[in-house]
Amino acid sequence: MRARTWVLVTALVLGFLLALGGASQALEIRDGKKILVFGARQPAPNIDPSQYYDWSTRMLQQCLYDGLLKYVGSPPKVIPWLATKWEASPDASVWTFHLVKNAVFHNGDPVTADAVRFSFERTLKIKKGPAWMLLDVLDPSGIAVVDDYTIRFSLKKPYAPFAAVLPWWYIMNPKVVMAHEKDGDMGQEWMKDGDAGSGPFSKKRWEHGVLYELEAVEDYWRGWEHPNHINGFIFKLIREASSQRIAIQKGQCDIVEGISPEDFDLVAKMPGIYATNDPGLTTFGVKMNNQKGYTKDINIRKAICHAFDYDSLIKIYNGNAVLEDSPFPIGLRGHVSLKEKIYRQDLQKAKEYMKKTGYPDGGFELEYVYVQGLEEERKIGLVLIDNLAKLGIKVKMVPLAWPNMVARASKMETSPDMMAVFTTPIFNDPDVVAYQYHKGSWSKYYGSAYYNNTEVWDLTDKARTIADFDERMKYYEKIQNMILDDAPEIFGMQYNRRWAFRDHVKGFVFCPMRFTGEVDMYPLYIEK
Amino acid sequence: MKQYIVKRLLLIILTLCGLITVIFLVSRVAPGDPARLAAGPDATEEMVEVMRTEFGLDKPLVLQYIAYFKGLFRGNLGRSIRTRRSVLDDLIAFFPATFELTVFSLLFAVVVAIPLGVLCAVYRDRFLDHVARVFSVSGMALPMFWLALMLQLFLALRFDFLPLGGRLGMMTEPPVKITHLFLVDSLLTGNWHAFQDALRHIILPAFVLSFPALASIVRVNRAEMLEVLTRDFITSARAHGISKIRIIGQYALKNALIPTMTMVGLRYGWMLGGTILVETVFDWPGIGLYAVQSAVYSDFQPIMGVTLLIGINFMVANLIIDLVYGALDPRVRYE
Amino acid sequence: MNMESSILTVKDLRIHFDTFEGTAQVLDGCSFRLGKGDTLGLVGETGCGKSITAKAILGLLPVPPTRIVSGEIRFHGQNLLSLSEGEWKRIRGNQIAMIFQDPMTYLNPVFSIEKQMVDVIRGHARHRNGSMSRSEAREKAIGLLDAAHMANPRLRIKEFPHEFSGGMRQRVLIAMALAGDPEILIADEPTTALDVTIQAQILRLIKELVERFHHSVLLISHDLGIVASVCRRIAVMYAGDIVELTTIERIFQSPSHPYTKGLLRAIPNLSSREGKLVGITGSIPDFIDPPKGCRFHPRCLHAMTVCKEVKPLLEEIAEEHQVACFLYEPSWPDAARGKKAMSQRP
Amino acid sequence: MNDVWTNLKPSKTSGVWAQWKEEHESLFRDIRLSLYLFSRSPLSVTGMILVGVFFLVVLIGPMIVPFPEDATGAVHMSQKLMEPDSRFWFGTDEMGRDIFTRVILGTRISLRIGLIIVCVAMGIGVPLGITAGFIGGWVNEVIMRITDIFLSIPGLLLALAVIGALGPGITNSMIALSVVWWPGYVRLVQGKTLSLKEEAFIEAAQSVGAGKARIIFLHILPNCTSPIIVKASMDMGMAILAAAGLGFVGVGAQPPAPEWGAMISAARNYLPTWWWYAVFPGLAIFITVLGFNLLGDGLRDILDPQSRGYYRE
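Protein chains in written order, with this note's numbering: chain A, 273 to 800; chain B, 1013 to 1347; chain C, 37 to 382; chain D, 214 to 526.
Extracted from the complex, chain A is given alone in its bound form (with noise of 0.2 Å):
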């Protein structure tokens, strides 16, 4: 008796389970509209364009406003935005914008000069997210309105990139700020899920944690480039790589940015899905501490520098990055390729560096610190276990969060002696790679290496202030072949952004400016 009625409800279970079997659905048509589902791992709790950025965050930001420029295509080109054309002075010190007459705010008041102002003016005054940018160069007095749609402005100092960086400053509406300031915050608790903006997209759902919802504007001021183009999308959270890809796979997601290696290769077999895969500006390195500890040695930094086994970083990312070969990376404007001077593993060469300091066969420990949770670095963490005990150095393994990782990296003493670092060029302007290395970026995450080149440092500053580029080009090629001769890191890899499709959407165009997972949703377009 006992025996048939558990049959019987394990039956009623079952069958109840099976009734409530959904199917899942791919991309979504709610009443006509074509809806994306873009699947991240990385939530943008507060998308205030001045407070702000990651790339979950500027994704948003992107979708919600416009800047004066904007960054499209591989290699990356600036293109007029919400600005037609602009002029610089000779010295790169004073900049006019003339802007498009017809933009006009999610709440259809028109785009002028003067939100222009407004919106560099309160990212300069909050001094938070982008502010840093611009912050030395630019003071909120050098903003000046010329007529509605003309701004001028004049830098502190020449400052060539200047340009490179606005595409990352958004516009907002002064009005909608403003009737949301509480306290003289400048309406930064509004913000943080505000939609003050002109961009292709507006707000629709909002749940922290969950997804958060984007319409488009039908009569977006710019028009759509194709007749197709998405009527919006979601933003799902989906924090598990093996969870992405199984929602790419059945189709519970249209796009997914972050699943493992070898799942891209195997998804982009999958009938009805296809992966991209484009060479990134992120390069990968291992910062060493110049000034401190054992590896203050530049023979010790060469000696690792030549044990690392390069090769396992291509295979980490199942062949799909490309090894550094340069302190600037590949395809970012002022690169030059240094081939045949790069470190690559040479066991010989690292022993015989060793016998040149008071360690000839090691025996000392270091510490790689890299991000909680990030599997490359964890993984390349074991991979220069491996390597360096040939040498007989320790390596001792310190996950750190984020933040703690940042502080450490901010003060000499504490910067540890090997700390692995993604970085991505911020704008296109070898500059910004160039300055990682000046003695201004110590203290900060990439400046962890606490580099010290007082020639380097001297050519830096002195090509920022050159307007003409072949004749800053002078400059860069001096400056990376002096940076690989001091070692300062591991000069690593640069990996391919990869996202998977669903085959039915159309129109992705990659730019290597954007952040890891960031996805320009604007040219994006359905074809079943």
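The set of hints was computed from the structure by calculation and includes no laboratory data. Watch out, some of these pointers could steer you wrong.
Said to hold, decoys possible - Within a straight-line C-alpha distance of at most 25 Å, the following computed DMTMM-like cross-link-like pairs (lysine to aspartate or glutamate) qualify:
| hint | chain 1 | residue 1 | chain 2 | residue 2 |
| --- | --- | --- | --- | --- |
| 1 | A | K476 | B | E1185 |
| 2 | A | K428 | B | E1057 |
| 3 | C | K194 | C | E150 |
| 4 | A | K668 | A | D569 |
| 5 | A | K397 | A | E453 |
| 6 | A | K397 | B | E1058 |
| 7 | D | K293 | A | D618 |
| 8 | A | K454 | B | D1070 |
| 9 | A | K716 | A | D757 |
| 10 | A | K621 | A | D581 |
| 11 | A | K541 | D | E296 |
| 12 | B | K1189 | A | E485 |
| 13 | B | K1189 | A | E487 |
| 14 | A | K447 | A | E393 |
| 15 | A | K454 | B | E1066 |
| 16 | A | K522 | B | E1185 |
| 17 | A | K464 | B | D1054 |
Starting from the known structure of chain A, arrange chains B, C and D on it as the hints suggest.
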């Protein structure tokens, strides 16, 4: 009775204060520099300072401590550095999910475990009993997170009838927020589609979360039943010709339920802890997940918030259990 | 007393009790009869197997660990040991009811007296295949409590066991026992758990009720006095055997079995629950390997060689007087008797 | 039944020393009973065997594993994520390391975790518990209130908070778990001590003027051991489980240590295709914890019957 509850509540508040102090002290051991994270990686020193003042991290520890309490009374739990939002807002956003999950799991566990426990006691050392015992012992040995992964692997992937994670399908409009518990709200608003979807999503996580609880409640209930069934009043009941069903289902069970209740209360707390793991696996947007992410980020205000909230929950739950005692056992008096 | 009039016959009942140390032979072939309106007292030290006998009669022994090895219990000629659980229910409370040792533990602590009594009463009603409403049952319960001399039952019936004194609870239990007005009332040490003054009241109550309702009574006690005050006949039990079976008068006039004599000598301190007789040296033997032959012989002053070998059986030594002791075997030594005795052993 | 039992026992007699004798007589009897019960419960025996195997593996692990270096940081990118076969019984992981090796050597870490946490917890909890129970009064109040604070939230959460502060790592997670584990022992021991204080033989001992220390060490402690042992054996399993949990959310043991929880969390990214990576470490945890739980169960049934089918944290 009234004084009893008041006294208990006071005690709870006292404990909470202690809790806050402990966590606060712990939190300030943290090596990290929250302000720097808040400012963002590229921030200049100047920008970091802006953040530091904004988060009040520039003040000495004691002042921060006092400030925290002050804020507490104004319902201000500080701000999360990771999400850059007020912790209170985050908790309000995430707690209902956790609450729904734990309560659902607990109900499930109780409803299944108590009859099962009784059956095991009645059919002691018979097939069912052995099965249930093996199951209940292993129930407590199974790593929740692993069980979760395996279920995802085999149930959700192999046969496609249960969703992998989340609280609702992303295309399902969440029901009108009344209690913020999707299952309840969708029923209240008669939104059958949402209800079905919510149910489908909660089954796996709830099952995993309830598994250990189920196991231990079965054990306790079985043991209690066995013990009660040997008591004299059972013998006398039999001697007076009371039917077996009534003896087991009423005379014995009501006695056995008393200790079982304690375990239930205890388990509620453990479940709240378990959400840390389960929510991580099932991407369940609750405070467990919130806590983990905050911890990994050593973002402390949220951790304190969560600790506080769960502490309150746990203690109130136990208070309720103690009150349930009264209903079950006439001998209990509240002084 | 003759076979026909007896309604309950216990014959050669052997009960074993499995412990991890071995099998305890707690009842070793005990036999007695109970006639209509008869009142029999079962006396012996604590743990001589009295309660077990009682529980056996109601089929309340937990199986395992107890095993009824042999013998039969006949109620109106029907062997109770062959009954199914379902049939038992009809007997229990309806025909044979029991009053228990310790009123503290025999009432369910989490239910009101009302509920417990109502359940019992309606249960009986159902067995008499006529159902009864809660309110009716309640009225009857109140009546019974009243009969058991419970002060204002109508109020107190609502209360829970822990709100009653020991004596009161015993009254409740008695009332419950009467609920199905049974033919046989088994009272297992009904007063031991109570203090002396209450004891008297309860005994008086039982006597009164017996006279009123003409139950047959099996009163189990370690206290000769108590038994004497209620019963007409008495069976003395030692270590699972009935050693002497006779009327109250005779037991006091001419106690025959050495153990009985010991008991009488020991009366004063018998009620001290030490399970040890001052009148007799030594204490109850180990049930797991009991002494061969007469179980009493290790403590017996008159023990003969035969006692160590052969187990004596109950023999009529006078009208309504049976003793199990070789001292009263007229033609001893007699191999045949010995053999007969032997052949009786399993 | 009861009266039969009382008679199977030797009759009581009064007096301290006689009582002592009785204590011991019953002790032997208890031991006989224990062995009998234990051998009669298949589950307990299974537990015993599982734990035995566990310790065996801890001891001979390094001798039997095919690729010991894989547990200490060797990587073989060329053979990553290979299916289980005759060479790699459990397959290989994302760095081409032999999962079998790592699972086997993982036992050592788990054992260390379990032992340290339980020992520290006992080291803190037992003395506090006895002090609280024995001295009583405000001392008791203070200790128990503090204990309550720690028991007022789920252990895992508190541990998480502590780690959040100390930073991830196996040592820190052990510290964190010890911090949340001791209150259980305080509760247990304090309760036991209180009840023992009432016991006749303690009072007797006091009446004959035995010193506090003497009473604690000769009477109270020995009588607390059974429940402590039982809890400890249970906690071994639970501690291992908890540590694995922390490893899984990524704040526990760190690479290249072959800690099971951490292995599973790394393996997550390779589900479902490379299922074996996640499956085997999980099984290892399960079997180990199961062993300790069963053993604890068995022990409790025989050593500490009054605590019946379960114990409380």
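The hints, checked one at a time:
Proximity of K476 of chain A to E1185 of chain B is assessed by CA-CA distance (about 12 Å); at most 25 Å being required, the pair is judged to hold. Of the pairs offered as hints, the one joining K428 of chain A and E1057 of chain B holds, with about 19 Å between alpha carbons and a cut-off of 25 Å not exceeded. The hinted pair formed by K194 of chain C and E150 of chain C meets the criterion: a straight-line CA distance of about 6 Å does not exceed 25 Å. Restraint check for K668 of chain A and D569 of chain A: satisfied, since their Cα atoms lie roughly 19 Å apart, inside the 25 Å limit.
Restraint check: the Cα-Cα separation between K397 of chain A and E453 of chain A comes to about 14 Å, which is no more than 25 Å; the hinted pair holds. With a C-alpha separation of about 12 Å, the suggested pair K397 of chain A and E1058 of chain B falls inside the 25 Å cut-off, and the hint holds. This hinted pair checks out: K293 of chain D and D618 of chain A have alpha carbons roughly 24 Å apart, not beyond 25 Å. The hinted pair formed by K454 of chain A and D1070 of chain B meets the criterion: a straight-line CA distance of about 23 Å does not exceed 25 Å.
At roughly 22 Å between alpha-carbon atoms, K716 of chain A and D757 of chain A fall within 25 Å of each other, so this suggested pair holds. At most 25 Å may separate the alpha-carbon atoms for a hinted pair to count; K621 of chain A and D581 of chain A meet this at roughly 13 Å. Distance restraint check for K541 of chain A and E296 of chain D: the Cα-Cα separation of roughly 20 Å lies within the 25 Å cut-off, and the hinted pair is therefore satisfied. Straight-line distance between C-alpha atoms of K1189 of chain B and E485 of chain A comes to about 18 Å, which keeps the hinted pair within the 25 Å bound.
Between K1189 of chain B and E487 of chain A the CA atoms are separated by roughly 22 Å; this keeps the pair inside 25 Å, and the hint holds. Distance restraint check for K447 of chain A and E393 of chain A: the Cα-Cα separation of roughly 14 Å lies within the 25 Å cut-off, and the hinted pair is therefore satisfied. Restraint check for K454 of chain A and E1066 of chain B: satisfied, since their Cα atoms lie roughly 15 Å apart, inside the 25 Å limit. A threshold of 25 Å between alpha carbons decides the hint, and for K522 of chain A with E1185 of chain B the separation of about 21 Å falls inside it, so the pair holds.
Of the supplied pair hints, the one linking K464 of chain A and D1054 of chain B holds, its CA atoms being roughly 20 Å apart against a limit of 25 Å.
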